[in-house]
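Throughout the sequence shown, residue numbering follows the working numbering, covering 1 to 81 in sequence.
Derived by calculation from the structure, the hints in this document are not laboratory data.
Even glycine gets a Cβ: it sits at the ideal position worked out from N, Cα and C.
Mixed in with the good hints, there may be bad ones.
[What the hints assert, rightly or not] Label pairs and their calculated CB-CB ranges:
1) L72 x G15: 15 to 25 angstroms
2) A30 x L50: 41 to 51 angstroms
3) L24 x I64: 14 to 24 angstroms
4) R74 x L34: 13 to 23 angstroms
5) E20 x P52: 38 to 48 angstroms
6) T46 x W71: 36 to 46 angstroms
7) D47 x G15: 20 to 30 angstroms
8) R13 x D47: 42 to 52 angstroms
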Amino acid sequence: MARRRYRSNYVSRNGLTPSENRALGRQVWALFMLLLIWGSIQIWGTDIFLKPWFDILLFIIGEIAYRSTGWLLRFLRIWYY
1 MARRRYRSNY VSRNGLTPSE NRALGRQVWA LFMLLLIWGS IQIWGTDIFL
51 KPWFDILLFI IGEIAYRSTG WLLRFLRIWY Y
């Protein structure tokens, strides 16, 4: 089982605390999600929210945003893992 250790003196290789790393990842992920959903609306229009396959598309968009977040932050050398 994964556990988070809340040590006040822990700093990652990138100079950020674990909380700051999580906040950065969460914000970049949200940005990717917004951009991908905006792009979907531009392609299919606002009727996309009424389609029965929208849940599947949202899952795919979330997966793309998750992987893109990790790739971007590693490419920019913000995350070293």
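Q: Kindly indicate which numbered hints from before are broken by the structure, ordering the numbers from low to high.
A: Failing hints, ascending: 2, 6 and 7.
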